[in-house]
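Protein sequences appear in the order of chains L and B. For the first sequence, full-length UniProt numbering gives the first residue as 1, with consecutive numbering after it. For the second sequence, full-length UniProt numbering gives the first residue as 1, with consecutive numbering after it.
Honestly, the hints are just simulated from the structure, not real lab data. All of these numbers come straight from a predicted model, not from anything done at the bench. Note that beta-carbon positions come from the ideal geometry of N, C-alpha and C, so glycine has one too. There could be a bad hint or two in this list.
Simulated restraints on C-beta separations [said to hold, decoys possible]:
#  : chain 1 : residue 1 : chain 2 : residue 2 : range
1  : B       : F115      : L       : R27       : 49 to 57 Å
2  : B       : K37       : L       : N40       : 41 to 49 Å
3  : B       : K73       : L       : R60       : 38 to 46 Å
4  : B       : A136      : L       : S46       : 22 to 30 Å
5  : B       : N86       : L       : N40       : 19 to 27 Å
6  : B       : V52       : L       : A15       : 50 to 58 Å
7  : L       : T9        : B       : I35       : 47 to 55 Å
8  : L       : I42       : B       : I56       : 30 to 38 Å
9  : B       : K76       : L       : R55       : 24 to 32 Å
10 : B       : T39       : L       : S46       : 44 to 52 Å
11 : L       : L6        : B       : L109      : 33 to 41 Å
12 : B       : F115      : L       : T9        : 51 to 59 Å
13 : L       : L6        : B       : D123      : 48 to 56 Å
EDC-like cross-link-like pairs, simulated, lysine to aspartate or glutamate; straight-line CA separation at most 16 Å [said to hold, decoys possible]:
#  : chain 1 : residue 1 : chain 2 : residue 2
14 : B       : K148      : B       : D9
15 : L       : K52       : B       : E88
16 : L       : K52       : L       : D63
17 : L       : K52       : L       : E62
18 : L       : K52       : B       : D87
19 : B       : K76       : B       : D87
Residues from chain L that keep clear of chain B, each with C-beta distances beyond 12 Å, as calculated [stated by the list, open to error]:
#  : residue
20 : H13
21 : M17
22 : A54
23 : D63
24 : L67
25 : V68
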Amino acid sequence: MPRETLRNTLKVHRARMDWTQEELARRVGVTRKTINTIENGIFVPSTVLALKLARVFGVRVEDLFQLVDEDSPRNYDQETGA
Amino acid sequence: MNDIIERIDQKRRKILGTYVVGAIIFFGAWIVRFILKETGILTDPLDYAIAVPFAIGLIILLYSFGALIRVNKEIKTNPALQETLNDERVQLNTLLAFKYGFLAMLAGLAFFAVFNLFFPIKDTRSVFFGLLMVGAFSYNLKFYRLEKD
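Construct the complete structure from the given sequences, taking the supplied hints into account.
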């Protein structure tokens, strides 16, 4: 069974919006540390928080979070053609 | 508002760190004294020597515990602040720390059970107190480490 990890593009979207971690944290109602741990892959957010994050960026959850097969450089989007 | 959240979050972590240091000193002194007493090698000068870190640890513990209560009071005055500072990551860390505290208590129980085989424990009240300390301190230590990472 392939090992899968969750990757995210939170930092990219945050940079696109020119928001600090604090600003993003305020918009979704969590602490800056929570945003930091999500960005670094330490903490996996709940579905509710993932949806909130997608909403504030105006993107789909799949654009923010991707399942990546560790044994392969391809990511989930590439595998599914999404 | 962001500044307040950040300030309180950092303050809470710092106090928790102090609490953990106090707990380690206090518990360390207590367990050394317990083992020496139960094995019958605790002398009066040794007992006095152990009393020093025990007292220092207790003072740090009480001071940081009081500070933690004050911070929690400050958080409770504002519902928005309370919701943000107890977000899902903090809630998950609380659960993980609770699990760790429980497992540490089981390990402590196993330690006392094995210890009792070789040196029958006379002071059973100390065992209850020790297990409570192991549970509470392990919980705080794990929570601090999770919050620190």
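Each hint, compared with the structure:
1. Checked against the given bound of 49 to 57 Å, the beta carbons of B/F115 and L/R27, roughly 54 Å apart, stay inside it.
2. Taking the beta carbon of each, B/K37 and L/N40 are about 47 Å apart, inside 41 to 49 Å as hinted.
3. Distance hint check: the CB atoms of B/K73 and L/R60 are about 42 Å apart, consistent with the given range 38 to 46 Å.
4. At about 28 Å, the CB distance of B/A136 to L/S46 agrees with the hint of 22 to 30 Å.
5. Evaluation of the 19 to 27 Å hint for B/N86 and L/N40 yields a pass: the beta carbon distance comes to about 21 Å.
6. Between B/V52 and L/A15 the C-beta distance comes to about 54 Å, which sits within the given range of 50 to 58 Å.
7. A C-beta distance of roughly 54 Å is found between L/T9 and B/I35, which places it inside the suggested range of 47 to 55 Å.
8. Taking the beta carbon of each, L/I42 and B/I56 are about 34 Å apart, inside 30 to 38 Å as hinted.
9. Between B/K76 and L/R55 the beta carbon distance is about 29 Å. The supplied range of 24 to 32 Å therefore holds.
10. At roughly 50 Å, the beta carbons of B/T39 and L/S46 sit within the given window of 44 to 52 Å.
11. Taking the beta carbon of each, L/L6 and B/L109 are about 37 Å apart, inside 33 to 41 Å as hinted.
12. In this structure, B/F115 and L/T9 meet the distance hint of 51 to 59 Å, their C-beta atoms being roughly 53 Å apart.
13. Separated by about 50 Å at the C-beta atoms, L/L6 and B/D123 satisfy the suggested range of 48 to 56 Å.
14. For the given pair, B/K148 sits about 11 Å from B/D9 by alpha-carbon distance, which is consistent with the 16 Å threshold.
15. Taking the CA atoms of L/K52 and B/E88, the gap is near 13 Å; set against the 16 Å cutoff, the hint holds.
16. At roughly 13 Å between alpha-carbon atoms, L/K52 and L/D63 fall within 16 Å of each other, so this suggested pair holds.
17. Restraint check for L/K52 and L/E62: the C-alpha separation of about 13 Å stays at or below 16 Å, so the hint holds.
18. For the hint linking L/K52 to B/D87, the alpha-carbon distance of about 13 Å falls within 16 Å, and the restraint holds.
19. With a C-alpha separation of about 14 Å, the suggested pair B/K76 and B/D87 falls inside the 16 Å cut-off, and the hint holds.
20. The beta carbon of L/H13 is kept farther than 12 Å from every beta carbon of chain B, the shortest such distance being approximately 19 Å.
21. The non-interface label for L/M17 is consistent with chain B: the shortest C-beta to C-beta separation is roughly 16 Å, beyond 12 Å.
22. No beta-carbon of chain B comes within 12 Å of the beta-carbon of L/A54; the shortest separation is about 16 Å.
23. With 12 Å as the threshold on Cβ separation, the claim that L/D63 sits away from chain B holds: the shortest Cβ distance comes to roughly 21 Å.
24. Even its closest Cβ contact with chain B, about 20 Å, leaves L/L67 beyond 12 Å, as expected for a residue assigned away from the interface.
25. Interface exclusion of L/V68 from chain B stands, the closest Cβ pair being 22 Å apart, more than 12 Å.
Of the numbered hints stated above, none is contradicted by the structure.
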